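Going down the list, the protein sequences come from chains H and U.
Sequential numbering from 1 applies to the first sequence in the numbering used here.
Sequential numbering from 1 applies to the second sequence in the numbering used here.
Everything labelled a hint here was simulated from the structure, so no lab data went into it.
Bear in mind that the values here come from a model prediction, so they are computed numbers and not experimental data.
Built from N, CA and C at the ideal position, the CB exists for glycine as well.
Restraint-style ranges between C-beta atoms, simulated for each label pair: (1) I297/H to S208/U: 50 to 60 Å; (2) A15/H to L168/U: 26 to 36 Å; (3) V301/U to D59/H: 47 to 57 Å; (4) S215/U to A134/H: 27 to 37 Å; (5) S277/H to S215/U: 18 to 28 Å; (6) S277/H to S208/U: 28 to 38 Å; (7) F56/U to P80/H: 55 to 65 Å; (8) E204/H to F234/U: 26 to 36 Å; (9) G267/U to A15/H: 51 to 61 Å; (10) F234/U to E75/H: 31 to 41 Å.
Over the 10 Å line for every Cβ pair with chain H, so calculated as not near, a few chain U residues: (11) L64; (12) F70; (13) V132; (14) I156; (15) D165; (16) L166; (17) K274.
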Amino acid sequence: MDPILSVRDLRTEFATGAGVARAVNGVSFDVMPGHVLGLVGESGSGKSVTGFSLIGLVDAPGRIVGGSVRHRGRELVGLPQSELRALRGKEIAMIFQDPMMTLNPVLKIGTQMIETVLAHDPVSRQEARERARAALGKVGIASPDERLDAYPHQFSGGMRQRVAIAIAFLHRPSLIIADEPTTALDVTIQSQILSEMQTLARQEQTAVIWISHDLSIVSGLADNVAVMYAGRIVEHGPVADVLTRPLHPYAQGLIASVPGAQMRGRRLAQIDGMAPSLLALPAGCAFRPRCVMAQAICEAEPPVQAPATGRMVRCVLPVRDEVAA
Amino acid sequence: MNRPAEVKQPVVPVERPAALSTEARAGTVKSAVEGGADTPFRQALREFVANPFAVFGAVLLTLLVFGAIFAEALAPTNPYDLTKLDLMDALQPPGTQNMDGSVTFLLGTDGQGRDMLSAMLYGLRTSILVGVSSGVIALCVGATIGIVAAFFGGWIDSFVMRIVDLQLSFPSILVAMVLLALLGQGVDKIILALVIVQWAYYARTVRSAALVERSKEYVEAAICLGIGRTPVMFRHMLRNCLPPLIVIATVQVGSAISLEATLSFLGLGLPVTKPSLGLLISNGFAFLMSGKYWISLYPGVLLLVTIIAINLVGDHLRDILNPRLKR
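Kindly generate the complete structure, drawing on both the sequences and the hints.
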């Protein structure tokens, strides 16, 4: 099966007054049709910028300086804006973190949905409204006809995110980039939204790139997970393998810091130090200053190892045998 | 909209327990919609009505606009029908009684025997027409330029805003006088001159509001949905820039009317056959020293009242729509 999206050595830089920030520094991954890729990392690790880079939406002073993004085999990097626009929302949709912010407060939900339909399909307003209505019904919004004439502030947070999801699925895109869509919601709503996303994505055979800093969400949702640190993917693999047997010290630290039932009363494990400034990355492995296993050799560019099919780790440490087995 | 939410009800912040797992499907959603039905527009309207000065200004303004629109029906005589003018009626003071004790010229007559009240109603119409139409055109031009500058940023923004700065650094009366000296007289010419003087105010206001909107996520989201630049700018962003735009438009129409009056008083702009309030004031100016005050005074009072009414409305709109003054 061919991947729906294939990213190779993607590089996005921000030219700031203090220097060049390499927010995305050689990221590569594939997304298979209907699969969910979890992109995890802490704030500033470049997850969101990666998401925006995929659809060519990096605002100045940022710009994509290299690499390739292929969607169904078609190169997206360097594509003119007009062709990218035809793709956005139609083939690749996005869902954002804060649904209060992503819906226009002064336009009715219906107006915004109909507009999205008409932006890509030359159908009648009636037909567009019908599609919007159906989409709202699909994400479990009661009496969608009435809801179409409501404004965003008349919805609760969870409902707004449902609307945002409905809009993202309007054109049955082949890929949805979800940028922390549940972070702003409380836990119960979060789990509903998650299961709804999962069901919809499965129904429509939509691939999802789920950007998150929450490993527990990704573990229940994703097929594959990529761990980002300082603009690079440091570990990548099937979600079960990565979460149970992380190879990279950073991934190990992240997973150890997730609170679990067996650790009641004990201090949570944490990774000392802070994420480095993208303007002053340490030479070699960016994680070196915080790594408990750092050695002199880490000052050199860490090698990429592929210990098993579908797994990747960017570290000098020898891969232990039980993983490879 | 004829939902039951229309019924005025106390504004209760609806913080529902989000833990209701059925919340999206069950009837609880209904109550959320009703609680939030107090649209910003209705809220602003209620605040506006609560202020007596604002209501006074609005009522006054409505009456004046009404009088201007129906000047032909309301005016006792047609002041520009030369066949009806009688020089014998010239310079009658207000309230001059006819032989039978009736009063024809309530506010007196001017040097040609025109009824001042009629001339003022016609003049008010010209003044408001010029003020509003130049305001609307300048708003369209300025808002477009401002939103394009804010949307694209970079050198387009800098270039446009430097022109705005340059424009605003000259006194508007000076610019208008230069333009009218070049263009000549006529209603269209003075509207054009006022548009050129005013567009920069709108452009600057819209740009600053649009810059705030530009950084909001809904704009990014709309772009991510593949919606074109033009609808994003004019449907999404411009609508959110409306509050400051409404305020500046009200104030600018007021200042356009007074600027036009100034220009007409100076003899620039409007032709004598279509006098505005400013020209009426100017006509009576020569008689002022001889005690025939009414020819200048009454149009002056009318002009003053019009501008005060507009500013009362504008000031209170600003208070209501300015988020920084919100308690």
